[in-house]
Amino acid sequence: MSRKAFLSANEAAAHGVRLAKPEIVSAYPITPQTTLVEKIADFIADGESDIDYIMVESEHSAMAAAFGASLMGARTFTASSSQGLLYMAEMLHYASGTRVPIVMVDANRATAAPWNIYGDQRDTMSQRDAGWIMLFAESGQEALDMILQAYKIAEDPEIMTPVMVNLDGFTLTHTYDVVEIPDQEEVDAFLPPYKTDYKLDPEHPLTMAATTGPDFHTENRAQQQLAMEAAKAKIQEVSDEFAKMFGRDYHGLVEEYRCDDAEVALVATGSSAGTTRIIVDELREEGKKVGMIKIRSFRPFPKEYFHSVIDKFKAVGVIDRSISFGAEGTIFQEVKGAMYGSDAKLGNYIVGLGGRDVSRALIKEMFDKLFNMVNGGEEEEVQFLGLRW
Amino acid sequence: MAINLKTVDDKELLYGTKICQGCGAGMAARMALKVLGEKTVLCTPACCFAATTTVFPQSSIFVNNAISAFPGLAATASGMTHAMKALGWDDDYTMLAIAGDGGTIDIGLQGLSGAAERNDDLIYICYDNEAYMNTGVQRSGSTPFDAWTTTTPTGPCSKGEKNKFRKSLFEIMSAHRIPYVATASVAYPQDYMAKVAKAKEIKGCRVIHVSAPCPTGWGYDTAKTVELAKMAVESGLWYLAENEGGEMKLTYKPKELKDPADYLKMQKRFKHLTEEDIQEIREIRDAEWERLKKVLSFE
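For the record, the sequence lines run as chains E and D. Anchor point for the first sequence: position 323 equals 323 in our numbering, and the numbering is continuous, going up by one each time. Offset between the second sequence (1-based) and our numbering: plus 389.
This is chain E alone, in the form it adopts within the complex (with noise of 0.2 Å):
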């Protein structure tokens, strides 16, 4: 039988990196990371799970014991943040491109300078092109129905690669909520421990992370991208399978919220789409016809379904908790490219930086611009809202 728990996001996480019994874990702790590797460690010295849990000396070693545990075919996990996850950076590479299932969780905090150790998305948005499967979990359940779902599509055979799974720091890392926690049984019959013929092998010794020069580079490269492209139709798949057996569905890489009549909508991630969705069922009330779409999966990014979309809303706002100077929201980017070719007013809005709350003022705000341009207003289509100045 399941049981229910009062957990931070980051406890939630490490009850699913237990039940996903991985052999290896490796991790430098960073704040807001912490308390998540402390309860794995905790665990351990409990007796309740027999991971091999290597202290390292930094992030970069983190990521190549994950990376070297995972080439010997061990299932691996490792987590960090900000600064840990900059370090990591070379790493993540590496493990990408050799296709190796490791899976982390990212505690999403600002980046320094200037220092600042709460939450935000511009550590992971820096390394959206690590090549890695980037998810966003909402609460403190799916972060820890994520990791078991993250490993699942990571390891499998058509996939092979490594994913990270997002939590806003502070916001989901240190809020407690109530949590259901599988049974191992439950977990086991979902996830059977990893097996694979990609690693190295004792019987048949071979190389692995070779050198490849232009004459073969690009392949590397296509398949990377293959892989990433049917990791959409996996990720959708692990959903449903999850659904049917432990009865939480999050719909795959994206889930609509009260958009089948709406008018204008609010793409969220993370801590932000709780937010949201309180005021899209505020506003209903009021009669506004308006939706959220949360994101799930930003790597693979859901082109499709924003290409489906484009002809559904009057306005799509997009939430981004980080900015490409110089460009745009990273989220709202992508949005609008997936959008190309559609008549719906966009609008980009930048909260939420360096720990600053997402408050239900904001995201009244936001449909309020929406509903501006709606009518006819005119409003800049990228704005940091809640300005000091």
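A portion of the hints provided could be inaccurate.
[Said to hold, decoys possible] Straight-line C-alpha distance at most 16 Å; calculated EDC-like pairs for lysine to aspartate or glutamate:
| hint | chain 1 | residue 1 | chain 2 | residue 2 |
| --- | --- | --- | --- | --- |
| 1 | D | Lys474 | E | Glu229 |
| 2 | D | Lys638 | D | Glu679 |
| 3 | D | Lys428 | E | Asp50 |
| 4 | D | Lys474 | E | Asp281 |
| 5 | D | Lys423 | D | Glu401 |
Keep in mind that the hints were calculated from the coordinates and are not lab data. These figures come from a predicted structure and were not determined experimentally.
We have chain E already, so just place chain D on it with the hints.
The following block gives chain D in isolation, referenced to the frame of chain E:
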């Protein structure tokens, strides 16, 4: 059993490489693999050795092998050796990491320190060719005083490398109190292979720092690698030592130190040296040798 010409394994686990003629690194890896045998898992960073042995779709390495990033070698090897145990590989497999001096004592040092602190079960061999050779002979923390490299070029305002002392990996690793640390030279294969064999029988983190001349980077006749490596040891510019469980000792003591001048004059990287410069190197050598007598307790 002592390793010599009669007892050394004739099986080659490294052949068909693209290494330069006279490459000391290739010699060091070949000899190590002969001792460690087929039950070896190898990992190297993107160094000379990897670039000349492991270019898809070819590989000249006949054991399990992977390439990792420069700062990530030791940690990658740690992950591999931990996974080997978790997945139940036979106990007699050896995890072997091989990297150059740059990949070890410069960019790789932090990760190696971590692996040593954890005493992870692996052998780490640093082949020291005294500069970043794969990228085209730039200086490293192991480049000797006055040596020309492409980043310590000689000219009216430069005599080459400025540091008088190379980083001592032997002492750095000894300070980590790992079970086995050694220095060696490709010119003393029996001494080197005996150290690899000894390391093989020990569990935990073992580090061997082997002098491996590079004809391309140092500028000498490719037939002279062994002769030159030997002259370095005979003139006290390199030393053969080991630290087994805290007991440090010299494993080969030249009867009398030879003049470094002959060694220096064989190499283009030192061709700019004057007699005064060579005298300075003699004095540095003498002082270092006196220091080593204390560290390694010999007379």
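Consistency of the hints with the structure:
With a C-alpha separation of about 35 Å, the suggested pair lysine 474 of chain D and glutamate 229 of chain E falls outside the 16 Å cut-off, and the hint is violated. A C-alpha spacing of about 14 Å is found between lysine 638 of chain D and glutamate 679 of chain D, which places the hinted pair at or below 16 Å, so the restraint holds. A C-alpha spacing of about 27 Å is found between lysine 428 of chain D and aspartate 50 of chain E, which places the hinted pair above 16 Å, so the restraint is violated. Taken as a hint, the lysine 474 of chain D and aspartate 281 of chain E pair is broken in the structure, with Cα atoms around 53 Å apart against an allowance of 16 Å.
Simply put, lysine 423 of chain D and glutamate 401 of chain D have alpha-carbon atoms about 7 Å apart, close enough for the 16 Å limit, and the pair holds.
Checked against the numbered hints above, the structure breaks hints 1, 3 and 4 and satisfies the rest.
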